[in-house]
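Chemist: So you can see what is in the structure, the chains are spelled out below.
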Amino acid sequence: MEIIDLLRRPWPWYVAGPIIGLTVPALLLLGNKMLGISSTLRHVCAMCFPANIPFLKYNWKDKLWNILFAVGLLLGGFIGGVLLQPATPMPLSLKTIDSLRELGIVQQNGILPLEIFSWSNLFTWQHLVIVAGGGFLVGFGTRYSGGCTSGHGIAGLSTLQWPSLVATILFFASGIVTANFILPLLLK
Amino acid sequence: MKKRNFLYLLTGIVFGVTLMKSDAVSWFRMQEMFRFQGFQIFGIFMTAVPSAFIGIFLIKKFKLTTLDGEPIKIAKKEFNWGYVYGSLLFGVGWGLTGACPGPIYVQIGSGLSISLVILISALAGTWVYSYLRPHLPH
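Heads up: the protein sequence lines correspond to chains A and B, in order. Counting in the working numbering, the first sequence runs from 1 upward without gaps. Counting in the working numbering, the second sequence runs from 1 upward without gaps.
So here's chain A without its partners, still in its complex pose (with noise of 0.2 Å):
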């Protein structure tokens, strides 16, 4: 029991980006696969909506190991954070704290703020920007740029690519822009 106790309490980057940085000579090794989640949200366009789009036209079962590695992603959530529920969280730092607590997020338990992300707070045109122009943005950007956090942050730097350092510059430092000056202006 002691090891589940131990996998229960937050696991610290040394531990998790290892880890997650294997993940790359792991699928190279299993079928020569390339690390990369963005693209299984147009695998999932191509399965359910191609609509004759072109770039939707594609045989997504030749992908299916992508679609089966985000299914692990959904179990492996379900594991973490239910199964493997630690008694105290890691700590936010207090500077965090502060500056949340001054955009009016008061509650800082769980993964997600309540204040704008949950069913009853959610439709504010503000709150509506954040969740689903957010999430509409992360899903056009990333089929744009042809990669996300993974595909380009890990697996394209780690493998010498110069345009994902390109785009893992660009989407960094476009997320500190928007965290620390448009946030604020959709939370007042």
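These are calculated hints, taken from the structure and not from any lab test. Note that the Cβ used here is the ideal one computed from N, Cα and C, for glycine as well. Treat the hints loosely; a few may be bogus.
[As the list claims (entries may be wrong)] Simulated restraints, written as ranges between beta carbons of each label pair: (1) Glu102/A - Trp81/B: 35 to 41 Å; (2) Arg35/B - Pro12/A: 17 to 23 Å; (3) Leu185/A - Asn80/B: 27 to 33 Å; (4) Ala51/A - Gly69/B: 38 to 44 Å; (5) Met46/B - Asn109/A: 38 to 44 Å.
With chain A held as given, fit chain B onto it using these hints.
Modeler: Just chain B, lined up with the frame of chain A:
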């Protein structure tokens, strides 16, 4: 073939549990990172990339093959301007939702039904991009 599919699923499970347990799916943790107020996510990123690099280096050094005995191939990415425009747009979505595509799935798996809104919106974004693709600068 069936066994291989199970291994892809298993890799996803391990990846998902790791994202979950290391707080990489947390909106709060992402805000902490974007404000340079904590090290957790930077630490994950800064150890993940070298770990992947070392793994690939060893694959090349020992000329390892896939389970089927095929040589390992890594496709080169060709630059186009979509990397620039797309990444800038993705960054805005990431800054707001605190979620890149992987964490969206993990959040749903952990029981957060509200994350279905993020997922459906992301699918809509992917679909609209696919539809507009011929008209967008690349």
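Chemist: State for each hint whether it applies.
Modeler: Hint check results:
A hinted range of 35 to 41 Å for the beta carbons of Glu102/A and Trp81/B is consistent with their spacing of about 37 Å. Checked against the hint of 17 to 23 Å, the C-beta distance between Arg35/B and Pro12/A comes to roughly 20 Å, which is consistent with it. For Leu185/A and Asn80/B, the hinted distance range of 27 to 33 Å is satisfied, since their beta carbons lie about 32 Å from each other. Checked against the hint of 38 to 44 Å, the pair Ala51/A and Gly69/B passes, with Cβ atoms roughly 40 Å apart.
Checked against the hint of 38 to 44 Å, the pair Met46/B and Asn109/A fails, with Cβ atoms roughly 27 Å apart.
When each numbered hint is compared with the structure, a violation occurs for hint 5 only.
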